[in-house]
Amino acid sequence: MKRLVFLLLAVLCVSLISGCGDKDKEGGKSAEKRKVREGVTGDALVTSSLGDASGLIYNITSDSASHDVAQYIYNGLIKLDKNLSIVPDLAESWEISDDSRSITFKLKDNVKWHDGAPFTAADVEFTYKFMIDNSTPTSYDADFRLVTDFEVIDPLTVKVSYAEPFAPALLSWSMAVLPKHLLEGKEAAKSSLMRSPVGTGPFRFGEWKSGESITLEANDEYFAGRPNLDRIIFRIIPDLNTTFMELLNGSLDIMGLTPTQWVKQTDTALFSNSYDKYTYLAPSYAYIGYNMKNSLFEDKRVRQALTYATPKQEIIDGILFGEGVPAHGPYKPGTMWYNDNVRKYEYSPEKAKELLAEAGWTDSNGDGILDKDGKPFSFTIMTNQGNSVRTKIAETVQQSWQKVGIKIEIRVLEWASFINEYIDKGKFDAVVLGWNIVQDPDPFDVWHSSKCGPKMLNFVCFSNAETDQLIEGGRHSMDPVKRKEYYDRFQEILAEEQPYTFLYVPNALIGLSKRFREVSPAPAGITYNIEDWYVPVKDQKYRLEK
Amino acid sequence: MLRYIAKRLAGMIPLLLGITFISFVVIHLAPGDPAQFIASMNPKLSETAYEKFVKMYDLDKPVLERYISWLGKFARLDFGDSFSQDGKTVMEKISERLPVTIWLNVAGMVLIFLFALPLGVLSAYYKDSIFDKGITVFVFAGFAMPTFWLALLCMYYFGVVKGWFPISGLRSFNYDYLSTFGKIADIFKHTFMPVVISVFGGLAGISRFARNSMLDVLKEEYITSARARGLSEGKVVFTHALKNAMLPVVTIIGLSVPGLIGGSVIFESIFSIPGMGQLFYQSVMMRDYPVVMGVLVIGAMLTLTGNLIADIAYAAVDPRIRYGSKKSN
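Those protein sequences? They're chains W and G, same order as listed. Taking UniProt numbering, the leading residue of the first sequence gets 1, the next gets one more, and so forth. Taking UniProt numbering, the leading residue of the second sequence gets 1, the next gets one more, and so forth.
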């Protein structure tokens, strides 16, 4: 699910920079067909998944295992390139109307479904209707419900309209387009396409051994050129230790490593003879969130003091073995939306003490704990079970906050109880959690004051009239330059207000077999150009037996 | 005997109903539900979507109403559809996973009995000898050692360092292209480590049980009198003592039946074995109520049946026991 959300959100913001913005709201044209390297096709990439996929119709599954597989089977109208810019996929080009309320997509005319049927505008229309149908069990319908009119202009042109300019609109069309001729009139979840999907993507479905593996095969007819690799095999290995051992054994080609594995367990000749290590900033951040409805955190000086008293670098060095960078806001450093000119809080217990004293917190009874109006500064910090990094963060801040006279208890709860009983009901003081950084910068769901409520994402209930205006401005502006202005100011306010203590953005740590060539990590990750990966014939390991 | 079986079978019905009711209520009252699992913390969800999922899974109805509806289906032996998005029926899901778990557990159980019984009998016969003490240490080491830890050590040494066995999974990539013999060898190679480790962990229970049972029997007067009559030790131990000592073991076989399908969550996760343990764990985590209920009910039915079989077998092998016939008591 995280991956999908990431992809969807990604579509929104960065795309606007490259595609429509610079050419007077006209979308980028489709790139040249990629060159297929002669004589290097073959071999397979063996990767792993912690769980079995629940189904392979991308639009209705919500687990990352399903999306990891299905992403290679389908295409959207647009996609993100290596730099997270929006580029055409099934669309040849697009045009945004002068009032920024509609997008007209011109579709590619040489695309075929894996069963040979031609892809047309009817498939896009079907997908749109599918997403907003009340009987479709999808959790990704929000953006599509904002469409006020969907028009098929001709078999290769569609036009979508919105009531008001909606910046994330373009990115939402990266959603997988489904084959109308196979799904119309059928109950999707019961359809055979759940188990043997038909898409337009670079890989076609091969075989699914329940609980064991899913195999995809190169699509010889892929409109952008056949992938060089013959197959991608997803092995289902529910245990991360086992996955790592399979990697050491050479039975897996790629794995995301933990910081411990990266630093301590792969520093051997055996490993470096067979694997390359790649690292890049992951699209996520960790934070401590304060319940703004709790009187303890009412005063911004208190929140600022807590951030001053949090040793971010020590957390990164001690828990992540240095594999991450301090975070100061909700955007990823190095991307265009990131504003580096915001107030930063270097670790300083002295400044923390000063600010707390200013806010009226002093140790009047000499017990080492600050107090005010007879109440000690003590609260509970919660996090979810099963994430040892978060528990260690809580333990680290427990010690460092103790040094400035703040006492905290730590509670670790099972995820469902945590969310259901505490987060959704606002029954918490502070939490250690993380967010994925989606590519679209729209912060509406997490930071707008209207999103404070049961089952909503602004569960800390941050409320600020100016940020509400900025968020709305950014959401309704299709001009990336203007949007950046809104979001730069938004980040300045967040940095000043500190509703979260932003902790760090971790590094993604990848171990990949040396067999593969044409691998180059980019802001989009490492597998964005998997169709280009190849293995020189002499190094090929798996042969396709026909 | 027939009357006894009929009575026991009839008695199982309220018991099963009670088990299903308690299980149903407990899993539905646990925090979190499938709608939340799909929808929580997702900004792309429309405001109406959560309610849509709640309705789709009948979560808007009271638990009792849902239980009665579930029971109605269960009476027709229909466990319903999984909540998972693949829309498979519960029986489809269970039958996909069942053969693997049964195969591994039967193989493990047979080997445990094969090794544990002689070990137990010999330990009893050579009570307090070095052999007895050595075996005690050995079987309790297996019992006490955390399975996942031993499994990881073995996987690393025999899989990564020595390369003798595959680390996880049930079959190789090229399984479909192997000859029949090759397929058997492939599965054997893949399951060797999991089975050996489970046997090592399971030896203690049965071997200690057999040892104690044998010790009790060896103290009986008829053994002393057999020896006094000048019978050979072999005859005393294997003909007179062993037969009686093994009677309680029959009960253990009956009680082992539920374990044959339960599988082991940790074990199946570590070795990536797509069995019932893994299915149960995943279903609990995803709040897939129909599958959880399906697995629980099948487990409960097997436990009850196992008990019944144990009792019947007991009666069958021990002429002193005649259920339902007062005369023979």
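I should point out that these hints are in silico values taken from the structure, not numbers from a laboratory. Cβ atoms here follow ideal geometry from the backbone N, Cα and C, with glycine treated the same way. Any given hint could turn out to be false.
To be verified - Take a look, some chain W residues computed to stay more than 10 angstroms from chain G by CB distance:
no.: 1; residue: Ser66
no.: 2; residue: Leu281
no.: 3; residue: Gln399
no.: 4; residue: Cys452
To be verified - Listed next, with one range per pair, are the computed distances between beta-carbon atoms:
no.: 5; chain 1: W; residue 1: Leu240; chain 2: G; residue 2: Tyr222; range: 55 to 65 angstroms
no.: 6; chain 1: G; residue 1: Val110; chain 2: W; residue 2: Lys186; range: 41 to 51 angstroms
no.: 7; chain 1: W; residue 1: Glu207; chain 2: G; residue 2: Gly234; range: 37 to 47 angstroms
no.: 8; chain 1: W; residue 1: Lys186; chain 2: G; residue 2: Met301; range: 53 to 63 angstroms
no.: 9; chain 1: G; residue 1: Val110; chain 2: W; residue 2: Gly185; range: 28 to 38 angstroms
no.: 10; chain 1: W; residue 1: Glu207; chain 2: G; residue 2: Ala30; range: 52 to 62 angstroms
no.: 11; chain 1: G; residue 1: Ala185; chain 2: W; residue 2: Lys538; range: 24 to 34 angstroms
Outcome of range test on Cβ distance (valine 110 of chain G, lysine 186 of chain W; 41 to 51 angstroms): 46 angstroms, holds
Per the stated criterion, does the least C-beta distance between serine 66 of chain W and chain G lie above 10 angstroms, as a non-interface residue requires? It is violated; serine 66 of chain W is separated from chain G by about 8 angstroms at its closest Cβ, not greater than 10 angstroms.
Note whether the CB distance of alanine 185 of chain G and lysine 538 of chain W lies within 24 to 34 angstroms or breaks it. 30 angstroms, holds
So does valine 110 of chain G sit 28 to 38 angstroms from glycine 185 of chain W, Cβ to Cβ? 51 angstroms, violated
With 53 to 63 angstroms as the target window, see if lysine 186 of chain W and methionine 301 of chain G comply at their CB atoms. Violated, at about 35 angstroms.
Glutamine 399 of chain W and chain G, when compared Cβ to Cβ, separated by more than 10 angstroms: 29 angstroms, holds
Does the Cβ distance between glutamate 207 of chain W and alanine 30 of chain G fall inside 52 to 62 angstroms? 36 angstroms Cβ-Cβ, so the 52 to 62 angstroms window is violated.
With respect to the beta-carbon atoms only, verify the hint that glutamate 207 of chain W and glycine 234 of chain G lie 37 to 47 angstroms apart. 57 angstroms, violated
Leucine 281 of chain W and chain G, when compared Cβ to Cβ, separated by more than 10 angstroms: 21 angstroms, holds
Was cysteine 452 of chain W rightly flagged as not at the interface, with every chain G Cβ beyond 10 angstroms? 14 angstroms, holds
Just to be sure I understand the hint, the distance between the Cβ atoms of leucine 240 of chain W and tyrosine 222 of chain G should be within 55 to 65 angstroms; is that true here? 58 angstroms, holds
Of the numbered hints listed earlier, those contradicted by the structure are 1, 7, 8, 9, 10.
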